[in-house]
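Residue numbers (our numbering), protein chains in the order written: chain A, 1 to 406; chain B, 1 to 272.
These are computed hints drawn from the structure, not numbers from a lab.
Among the clues, some could well be false.
Claimed, not checked - If you want a taste of the chain A side facing chain B, the calculated C-beta under 7 Å gives, among others:
#1 25
#2 29
#3 31
#4 34
#5 186
#6 191
#7 193
#8 195
#9 225
#10 263
#11 289
#12 290
#13 304
#14 305
#15 306
#16 310
Claimed, not checked - Label-pair distances were calculated between CB atoms; the ranges are:
#17 165/A with 159/B: 28 to 36 Å
#18 256/B with 47/A: 52 to 60 Å
#19 139/A with 186/B: 27 to 35 Å
#20 75/B with 273/A: 39 to 47 Å
Note that the structure is predicted; figures quoted are calculated from it, not measured.
Backbone N, C-alpha and C define an ideal beta-carbon position, used for all residues, glycine too.
The primary structure of each chain is shown beneath.
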Amino acid sequence: MANTMETNYYDTYPDHNGHFGQYGGRFVGETLMGAIYELEQAYQQYKTDPEFQAEMDKDLADFVGRPSPIYLAENLTKKLGGAQIYLKREDLNHTGAHKINNTIGQALLAKRMGKTRIIAETGAGQHGVATATVAARLGMECIVYMGAEDVQRQAQNVYRMKLLGAEVIPVESGSRTLKDALNEALRDWVTNVDNTFYIIGTVAGPHPYPAMVRDFQSIIGREARSQIIKATGKLPDALIACIGGGSNAIGLFHPFIEDKEVVMYGVEGAGHGIETGQHSAPLSAGTPGVLHGNRTYLMQDENGQIIETHSISAGLDYPGVGPEHALLKDIGRANYVSVTDDEALEAFHTLTRSEGIIPALESSHAIAYACKLAPTMSPEQVLLINLSGRGDKDMHTVAAMAGLTF
Amino acid sequence: MSRISHCFEKLKTDGQTALIPYITAGDPEPWVTVPILHAMVDAGANLLELGIPFSDPMSDGPVIQKACERALKNDVSLKHVLDMVRQFREKDKITPIVLMGYANPLEAMGYEAFAKRAEEVGVDGILTVDMPPEESEQFLTIMDAHNIDTIFLVAPTTSPERMEKIAQSAKGFIYYVSIKGVTGSASLDISEVSEKMTQLRQRTSLPLGVGFGIRDGKSAAAVSEVADAVVVGSTLVGRIAEHANNPEILPEALAGLVAEMRHAINARDMAK
Numbered sequence: 001m002a003n004t005m006e007t008n009y010y011d012t013y014p015d016h017n018g019h020f021g022q023y024g025g026r027f028v029g030e031t032l033m034g035a036i037y038e039l040e041q042a043y044q045q046y047k048t049d050p051e052f053q054a055e056m057d058k059d060l061a062d063f064v065g066r067p068s069p070i071y072l073a074e075n076l077t078k079k080l081g082g083a084q085i086y087l088k089r090e091d092l093n094h095t096g097a098h099k100i101n102n103t104i105g106q107a108l109l110a111k112r113m114g115k116t117r118i119i120a121e122t123g124a125g126q127h128g129v130a131t132a133t134v135a136a137r138l139g140m141e142c143i144v145y146m147g148a149e150d151v152q153r154q155a156q157n158v159y160r161m162k163l164l165g166a167e168v169i170p171v172e173s174g175s176r177t178l179k180d181a182l183n184e185a186l187r188d189w190v191t192n193v194d195n196t197f198y199i200i201g202t203v204a205g206p207h208p209y210p211a212m213v214r215d216f217q218s219i220i221g222r223e224a225r226s227q228i229i230k231a232t233g234k235l236p237d238a239l240i241a242c243i244g245g246g247s248n249a250i251g252l253f254h255p256f257i258e259d260k261e262v263v264m265y266g267v268e269g270a271g272h273g274i275e276t277g278q279h280s281a282p283l284s285a286g287t288p289g290v291l292h293g294n295r296t297y298l299m300q301d302e303n304g305q306i307i308e309t310h311s312i313s314a315g316l317d318y319p320g321v322g323p324e325h326a327l328l329k330d331i332g333r334a335n336y337v338s339v340t341d342d343e344a345l346e347a348f349h350t351l352t353r354s355e356g357i358i359p360a361l362e363s364s365h366a367i368a369y370a371c372k373l374a375p376t377m378s379p380e381q382v383l384l385i386n387l388s389g390r391g392d393k394d395m396h397t398v399a400a401m402a403g404l405t406f
Numbered sequence: 001m002s003r004i005s006h007c008f009e010k011l012k013t014d015g016q017t018a019l020i021p022y023i024t025a026g027d028p029e030p031w032v033t034v035p036i037l038h039a040m041v042d043a044g045a046n047l048l049e050l051g052i053p054f055s056d057p058m059s060d061g062p063v064i065q066k067a068c069e070r071a072l073k074n075d076v077s078l079k080h081v082l083d084m085v086r087q088f089r090e091k092d093k094i095t096p097i098v099l100m101g102y103a104n105p106l107e108a109m110g111y112e113a114f115a116k117r118a119e120e121v122g123v124d125g126i127l128t129v130d131m132p133p134e135e136s137e138q139f140l141t142i143m144d145a146h147n148i149d150t151i152f153l154v155a156p157t158t159s160p161e162r163m164e165k166i167a168q169s170a171k172g173f174i175y176y177v178s179i180k181g182v183t184g185s186a187s188l189d190i191s192e193v194s195e196k197m198t199q200l201r202q203r204t205s206l207p208l209g210v211g212f213g214i215r216d217g218k219s220a221a222a223v224s225e226v227a228d229a230v231v232v233g234s235t236l237v238g239r240i241a242e243h244a245n246n247p248e249i250l251p252e253a254l255a256g257l258v259a260e261m262r263h264a265i266n267a268r269d270m271a272k
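In isolation and in its complexed conformation, chain A is listed as follows (with noise of 0.2 Å):
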């Protein structure tokens, strides 16, 4: 059979230079190529570790609490009439959402490789906790870059990040957001190269994080295929997930890949709507670009500089996405859509009711998604959402969308 996209996929991405088809790769800055080389080294060495392997098995059952559960949500499905809907519960993870999986992995590594200090961006504030959890237990300094706007919309994250000993710093720059933490982050961690290891949230950023940050997030897909066959019998017909990076969405597509029969979403947020140009959906409506250190979809005007994002979700709030995702939107192995704000926040209402699961406002963007898939599906379809984070974050938010206060 020739080489078809399904039977060597996993070899051929990324290559040796970090590209996925045209995207990926390492644009940074001379300053830091040295110290994305020594992580690659690193990451090569440790990945096949069994000691490192173990001690990381170990945290992510004992820290973490993983497996997480899948679980079938009979009232939903019942509720839309079509698919059964099964939810990959991230959310029960230590912390509360997937970001521990991969932050767990990073900082055992940053040990490893003798790093006494961590940084990180964050958007909607849990890998920024995710990071300070693990820095603390592991006696490190940990520093955290986070939009000045993020910091107000997700103030109890912020607070966490504090109780655990992290420094927070609120970024004023450009749009106040996610990417300009990520820049932030980007100087700081050119200012303090030596002694400083960086744990990006995402599959984003300049080679080895994409893959890397992928294969610590594939646990999550790992863990579901098994539980699914085994609970159903069979493979699901659907996977739906939400995106702003990405993370959460290739940590479960990623073991699917080669099961073509399996059809996987990836959920954008489209805001107000993507036609009025508020939204952070650059699959959707983006095109090709370099930012943080990978080329992939961007949000950009026609002379490259990045426009502003918007999503009610500060998690999706980026303008860019993981280089991943725009090969297999480019090769048409996953399907890109977006659900808007109001989507997003009725069918946060909709699970909660529904289910007794408040959904983060990043993974409600996914329900929102399965509320118009399932239907269209037959009952003996299975859909298999990862409920990729809990809803505790988001309390003022969605209050102050009810007009209420606390």
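Following the hints, complete the assembly by docking chain B onto the known chain A.
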């Protein structure tokens, strides 16, 4: 011979160190950029570095970030920067101009379209901060075909093996980043710079410029001891920020700063 090579040849004959000022194009207002460039040349600048405004300048400190923000408020983008070079060339056909910026505006215009236009208007070199040699293969071929020198950075963290690789890709001159950090942050350590210059000279015959961390005549003169060119950016851009509401005085104000550094460097050159 390219304008850049010619410029360095002449300076070498005269026993002079090049002074390369940097400003961000369109900061604080588009009309003042070309007058500032001419004034700096009159005050003793030998080459000019003109920054392409970008919304996310990750390798720059707060001074140049703010310069980008001021320029972008005026909607100054790459096509306008190229037009400023065209205007500059109406009066000055000798002084080399290097554009400095980030990959994305070049990607958006397209490498070929950029190179063609850059050659037409008289751009001599391009320094793309976030495009290391690893990602530059196609870019190098296209720039070369249009006689645009590709300037690369070398950092304190660059290994000797990477220096080799960079030396192979670089044209015009090599720009040594004298500090670990963003533009305009710390002060440089001259003995460390000197050691790196020696390592680089073993691997390239291109002229060597040093930048990041040069703030006054004294540090400029110290660097001129070991380098072929001294690059000054944040100090000049900081002065622009101070007078952002009064742009008409900027050509003279920046000429003053450039002249001060020129004198300091000349004094040191004479003593060599």
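Hint check:
Interface hint at residue 25/A: satisfied, since its Cβ lies 5 Å from the closest Cβ of chain B, which is below the 7 Å cut-off. Given hint, residue 29/A at the interface with chain B, holds; its Cβ is 4 Å from that chain's nearest Cβ, closer than 7 Å. The criterion of a C-beta within 7 Å of any C-beta in chain B is met by residue 31/A, whose closest approach is roughly 4 Å, and the hint holds. Below 7 Å, beta-carbon pairs count as interface contacts, and residue 34/A has one with chain B at about 4 Å; its hint therefore holds.
At a threshold of 7 Å, the smallest CB-CB gap from residue 186/A to chain B is about 5 Å, leaving the interface hint in force. Evaluation of the residue 191/A hint against chain B yields a held restraint, the C-beta minimum of about 4 Å falling below 7 Å. Proximity of residue 193/A to chain B holds as hinted, the smallest CB-CB distance being about 6 Å (cut-off 7 Å). Evaluation of the residue 195/A hint against chain B yields a violated restraint, the C-beta minimum of about 11 Å exceeding 7 Å.
Against a cut-off of 7 Å between C-beta atoms, the interface hint on residue 225/A is violated, since the closest Cβ of chain B lies about 35 Å away. With its C-beta approaching chain B no nearer than about 32 Å, residue 263/A sits outside the 7 Å limit, and its interface hint is violated. About 5 Å separates the beta-carbon of residue 289/A from the nearest beta-carbon of chain B, less than 7 Å, and the hint is met. With a cut of 7 Å, the hint placing residue 290/A at the interface with chain B holds, because the nearest CB-to-CB distance is about 4 Å.
The interface hint given for residue 304/A holds, since its Cβ lies 3 Å from the closest Cβ of chain B, which is under the 7 Å cut-off. Against a cut-off of 7 Å between C-beta atoms, the interface hint on residue 305/A holds, since the closest Cβ of chain B lies about 4 Å away. Checking residue 306/A against chain B by beta carbon gives a least distance of about 4 Å; that is within 7 Å, so the hint holds. Proximity of residue 310/A to chain B is violated relative to the hint, the smallest CB-CB distance being about 16 Å (cut-off 7 Å).
Between residue 165/A and residue 159/B, the C-beta spacing of about 35 Å keeps the proposed range 28 to 36 Å intact. For the pair residue 256/B and residue 47/A, the beta carbons lie near 57 Å from each other, so the given range of 52 to 60 Å is met. Under the hint 27 to 35 Å, the C-beta atoms of residue 139/A and residue 186/B, about 28 Å apart, fit the expected range. In this structure the supplied range 39 to 47 Å is violated for residue 75/B paired with residue 273/A, their Cβ-Cβ distance being about 25 Å.
Hint compliance for this structure: hints 8, 9, 10, 16 and 20 are broken, all remaining hints hold.
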